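Number of protein chains: 2
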Amino acid sequence: MADTFRVTFVDPENDGTERHTNVEDGKTLLDAAHAAGIAMEATCGARGRCRSCRVKVVSGEVPPPTIQDTVQLGHDEVRENFRLACQTKVIEDCVAMALPPRSESGHQILASDVSAADAHGFVIHSGVEKHLLNAKAPVSEHNQTADWEEVLASLPTTVDRQITLDVMRKIPSALRDKGGVITATTFNNRVIDLEAGDSTEHLYGMAFDIGTTSIVGSLIDLTSGECLANVGGVNPQAVYGGDLMSRIAYAQFDEKKLATLRARALNAINDFVKEACTEAGVLPNHVYKMVVVGNTCMHHVLLGIDVSYVGLAPYAPTVNEAIVVSAGELPLKAAPNAQVCLLPIVAGFVGADTMACVLATRIYESEEIRALVDIGTNGEVIMGRRGRLMACSAPAGPALEGAQVRHGMRGAMGAIEKVEIGDDVCCAVIGDAPAIGICGSGLIDACAKLVESGIMETSGRFLRKGRENLPQALQDRFLDVSGGIEFALVDKDKSGKDEAITVTQSDIRQIQLAKSAIFSGIAMLQKVMEVSDDDLHELLMCGGFGNYINVESAVKIRLVPNLPVEKITYAGNAALMGAQIALLSEDERNRASELARTIEHVGLATHPDFQDIFVDAMSFLGNGEAAETSAAPKRRRAGGRRAAAGGD
Amino acid sequence: MADTFRVTFVDPENDGTERHTNVEDGKTLLDAAHAAGIAMEATCGARGRCRSCRVKVVSGEVPPPTIQDTVQLGHDEVRENFRLACQTKVIEDCVAMALPPRSESGHQILASDVSAADAHGFVIHSGVEKHLLNAKAPVSEHNQTADWEEVLASLPTTVDRQITLDVMRKIPSALRDKGGVITATTFNNRVIDLEAGDSTEHLYGMAFDIGTTSIVGSLIDLTSGECLANVGGVNPQAVYGGDLMSRIAYAQFDEKKLATLRARALNAINDFVKEACTEAGVLPNHVYKMVVVGNTCMHHVLLGIDVSYVGLAPYAPTVNEAIVVSAGELPLKAAPNAQVCLLPIVAGFVGADTMACVLATRIYESEEIRALVDIGTNGEVIMGRRGRLMACSAPAGPALEGAQVRHGMRGAMGAIEKVEIGDDVCCAVIGDAPAIGICGSGLIDACAKLVESGIMETSGRFLRKGRENLPQALQDRFLDVSGGIEFALVDKDKSGKDEAITVTQSDIRQIQLAKSAIFSGIAMLQKVMEVSDDDLHELLMCGGFGNYINVESAVKIRLVPNLPVEKITYAGNAALMGAQIALLSEDERNRASELARTIEHVGLATHPDFQDIFVDAMSFLGNGEAAETSAAPKRRRAGGRRAAAGGD
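Residue numbers (this note's numbering), protein chains in the order written: chain A, 82 to 729; chain B, 82 to 729.
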């Protein structure tokens, strides 16, 4: 039997009257409201297409916001725990405030009178349109028309006459198979598909973040903005080099090896497209637009562009502007009608994935100085505010994504995602399954707690002397094996594998190198821009840790500067979110191109101060060293369940 | 030892003083002039790029004009037997007038101050340009530029930033392999190729006429207009149906068979590209533009467009506008950098090949009413004058191209091209080789001479009674075999095969059906446009007969109306010529698009009068029935040798 949770609704219009109900796991807040007898409207039919069921979650955890939440409510409201009740599943006991619909009650954001400039959201305008036509095949032998002329005559005059061979080949049957009823699909006024019959209901797109370590994607309804499926997995190129430089080195000056890497990425994306479409019950030929983000190496490899020079100073990309290619040109066989859009690149190591993070976090319109850190195999940092943004990239390596760590894994069922250490170690495991490994957020948490509990020194060395002062249970977890010291987080008999889940001294060193690189990147931009910790209004962390990370732990291990925790936000996989935003909005996709040209790039490797900062950043914070929190710790967003995870 | 011919030069500026010289077969008139001590200039180095060696041929035959003759001198001068001495080979004794260079002495037509509107020629402007660049790879890590930005910075600002993946992939090595020296090739301001080093000397294109029966092509220097190689052969699709309707029927509603036809055409073109480039010593990746013409079926099949409906009333094409596709999209592997341009289509059976003929003959600017007949497997007729042109298409079948005729062959070594009948039969054979067959022009000549000499009745029946009145040698040529009557043109012992070269009664019937279709098409347009034979100022015949046909014979067999022979011109393979013109001039290619939309199409099959006209047109003219020639027979152009032949 499914779990049951208690949901409480507070009515702010009625002196805070409360209504209670119990709902099963998996039900939405909208279901709960109805069960509690609240006449909550769902004008769009609970499809996330309007704001009529807007609520504010007051206490208890709910899943991360969906793309519809963000589209309808905007980033700011979502951060303040506003949600669409229809999109929000109940995952534990919670309290929500039922709100009257905003002034545009029942207003559908699809209507074009909502300005894209509205800071609270954006208008869905993917650039893809479907036109239902009623055309007739040519009838006269004298002064004959051509099939295409007949089709064109029933299309808006703004549509380009020029078509590709692929589309030409579809004309004869599209025109005749359903008595002249045709669905013509255009992307930015160019016809990209013709189909006999009415398929106007089916308009989909996919967003992909191709990370060095993992690839994640979402299938999205381009009309409603609804996310229909999330897919993801390890980047199959990883066998040819875990970090970016070794990946580049593999393919450097070797066309065949470049082709090998490329084929692996293309095959993976093809498979993910098929998987997502199967899961959502969508035909892959109804996927018309794809937005792909990734670092410069992933971007170039996917396009088949030589990455030799991306790996040599000054690490310049071959192309940095936004690119649109047809699926056929790429080639991407699984979604034959798709236009594949790649976001622009800032520099060789500040790629299209970073641009997507910039879009998703809207750092470009901030009045205060903010920093954005996209933590992956490379850690890109963007710092600044409206009018001036600077960027750098720190070579972190894949440890924070769980790679090159003994028991590291990506954030999937069985991964340790949280660690608590008191008299003994207590781990939270994704899916409440027996632990089989540890993901990035778990590693960060583990390091912080190991230092906090005195098991590890701030230098990163496991305690050698004085272990007898630790509780016995913790003492027993030290394993002094031939390869060095290990510390067992989960014992062999409780693990899902045939061995204990441990962190090794070597794992700690990998994590230190990774977190020091990120920390140094942030410090370097602070130095160049003359921004003190106090000047920094917010630090947004994003990246594919497998799960939402513990911000205190990130501060403790000096992954990020020693800021009060309320200044630090974890924004999830912002690269994928940015790709989704560019998928749903051509305005936002165009914005990326404008922004990319204005962001100033700072090369870390050639900067004289970098080595000093890096070495200094290797250690962890000692107990009591963390900045004092100016107020009660900010309620962090969305814990338990995973949304689309992964990617760097 | 080679033949020697006597060449006489007349000096019009010096009271007609004559100078004589003897030159070997194969030498040019320029060689002859120099041998005769005339200081004839060849400013461009005898490459056909200027007009300094302009002559007028006064008597004696010379080969058909080359494309350079037409480009430099214009159609009108060429018709009046003006030639470039450097381009004109001496093939028999002749007399030429050495002319002072026209006012623009030494002027190269490449200069853009020659107006394209000049009715005497056109400016070479293929749309393909080479830009020699000196670019530097990015050097700074801070505020990095991309390779492509560096290349773009040294290109004219008119060049489009957008490039294809193919071009992107060439950037890294093009920028670095020769120290930044790059040749960028653009087509209509879009970059289509990048190459390290200076390749600006190499700029080539190919023109192709894909006929139902044969394919012919020319490799042309896009800077000089010089034709570097001619290639051609049987259309390898022919095994799947000799005429257009059977070719369509083969692929109708069967994607695989369509793909088979397509592959055959693509393979043939790939092979021809390689053959032409090898012959001319040109790299195929320096072929940047191709203009392909062909009837609608060939056009659609090449593009992979279903031809099912081209074969069903009202026989409408799927697309009729001009198309440009990249070699990669087609795909055409042999010339990977080429932009393939297809001329527009007028109607299902008045295709891009006809548009090419319209371009080549300039019928669109005629003050008087002219008719243009492109004789191939389908015979397209265009009639009219400036401001109004009408078109129709007559299903002739392949007999006039030498197909479906017992000893028929295309115009190649060993083909009978001329027939004379006096006391016996005398045949002229291409290459002066033993006859192995008979080409289209030979068949037309044979039919005319067979009627003239009484061997055949005007109904097309071989003489059965009264053969004894014929000379004995002719009587002996009748072979009454089991399958019907045959007439031997070349005896077994003189033929290049192990049998006599004959024409059969069935061959004659095939030719009658073919020529009657053509004749009826012309007659139908005359009827619709109310144009009498007298109103018709000129009839231009073109098509791939293998060789220039005898105009009297064409009248005699009623292939064309009974006009005085001076009103009839044979224009050679005008479709290929038109393709060459569109290859060398974007203005002309654009002109084709404008014209295609204004030509009125008359469907023959649905016209109530067509059957009557057709039956009436089956017979041949009796002796003495030909229209009286109003003056001495007009000197016909170009007899003996073959230029680029074939195609329909």
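Derived by calculation from the structure, the hints in this document are not laboratory data. A hint or two may mislead.
Identical copies look the same in the list; a pair holds intra-copy or inter-copy alike.
With a Cα cut of at most 20 Å, we get these calculated SDA-like pairs of lysine to any residue [unchecked claim]: (1) K170 / D84; (2) K108 / G468; (3) K338 / E549; (4) K259 / M699; (5) K217 / G392; (6) K338 / N348; (7) K259 / F334; (8) K608 / P412; (9) K259 / S389; (10) K414 / G385; (11) K578 / A218; (12) K546 / G97; (13) K573 / V562; (14) K546 / E282; (15) K414 / T245; (16) K170 / E210; (17) K259 / L393; (18) K355 / D614; (19) K608 / Q485; (20) K546 / G155; (21) K575 / G97.
Since the model is a prediction, treat every value here as computed from it, not as a measurement.
Now the hints, each set against the structure:
When the C-alpha separation of K170 and D84 is checked against a cutoff of 20 Å, the pair qualifies only within one copy, where the shortest distance is 13 Å, while the shortest distance between copies is 97 Å. When the C-alpha separation of K108 and G468 is checked against a cutoff of 20 Å, the pair qualifies neither within a copy, at 44 Å, nor between copies, at 74 Å. Taking the closest pair of Cα atoms, K338 and E549 never come within 20 Å of each other, the shortest separation being 53 Å inside a single copy and 83 Å across copies. Taking the closest pair of Cα atoms, K259 and M699 never come within 20 Å of each other, the shortest separation being 68 Å inside a single copy and 44 Å across copies.
Proximity of K217 to G392 under the C-alpha cut-off of 20 Å is restricted to the inter-copy arrangement: shortest distance 18 Å between copies versus 56 Å within a copy. In this homomeric assembly, K338 and N348 come within 20 Å of each other (Cα to Cα) only inside a single copy, at 15 Å, whereas the closest approach across copies is 30 Å. When the C-alpha separation of K259 and F334 is checked against a cutoff of 20 Å, the pair qualifies only between copies, where the shortest distance is 16 Å, while the shortest distance within a copy is 52 Å. Proximity of K608 and P412 under a CA criterion of 20 Å is satisfied in neither setting, with 44 Å inside one chain copy and 54 Å between copies.
In the homo-oligomer, the alpha carbons of K259 and S389 lie at most 20 Å apart only across protomers (17 Å), although the nearest pairing inside one protomer, at 51 Å, exceeds that limit. In the homo-oligomer, the alpha carbons of K414 and G385 lie at most 20 Å apart both inside one protomer (16 Å) and across protomers (18 Å), since each shortest distance falls under that limit. Proximity of K578 and A218 under a CA criterion of 20 Å is satisfied in neither setting, with 66 Å inside one chain copy and 52 Å between copies. When the C-alpha separation of K546 and G97 is checked against a cutoff of 20 Å, the pair qualifies neither within a copy, at 58 Å, nor between copies, at 120 Å.
Proximity of K573 to V562 under the C-alpha cut-off of 20 Å is restricted to the intra-copy arrangement: shortest distance 15 Å within a copy versus 100 Å between copies. Neither within a single protomer nor between protomers do K546 and E282 lie at most 20 Å apart by alpha-carbon distance, with minima of 68 Å and 79 Å respectively. In the homo-oligomer, the alpha carbons of K414 and T245 lie at most 20 Å apart both inside one protomer (16 Å) and across protomers (18 Å), since each shortest distance falls under that limit. With identical chains, the CA atoms of K170 and E210 are never at most 20 Å apart, being 31 Å at best within one copy and 61 Å at best between copies.
In this assembly of identical chains, the alpha carbons of K259 and L393 lie at most 20 Å apart only when taken from different copies (18 Å versus 57 Å within one copy). When the C-alpha separation of K355 and D614 is checked against a cutoff of 20 Å, the pair qualifies neither within a copy, at 46 Å, nor between copies, at 67 Å. With identical chains, the CA atoms of K608 and Q485 are never at most 20 Å apart, being 31 Å at best within one copy and 86 Å at best between copies. With identical chains, the CA atoms of K546 and G155 are never at most 20 Å apart, being 53 Å at best within one copy and 100 Å at best between copies.
Taking the shortest alpha-carbon separations for K575 and G97, neither the intra-copy value of 46 Å nor the inter-copy value of 115 Å comes in at or below 20 Å.
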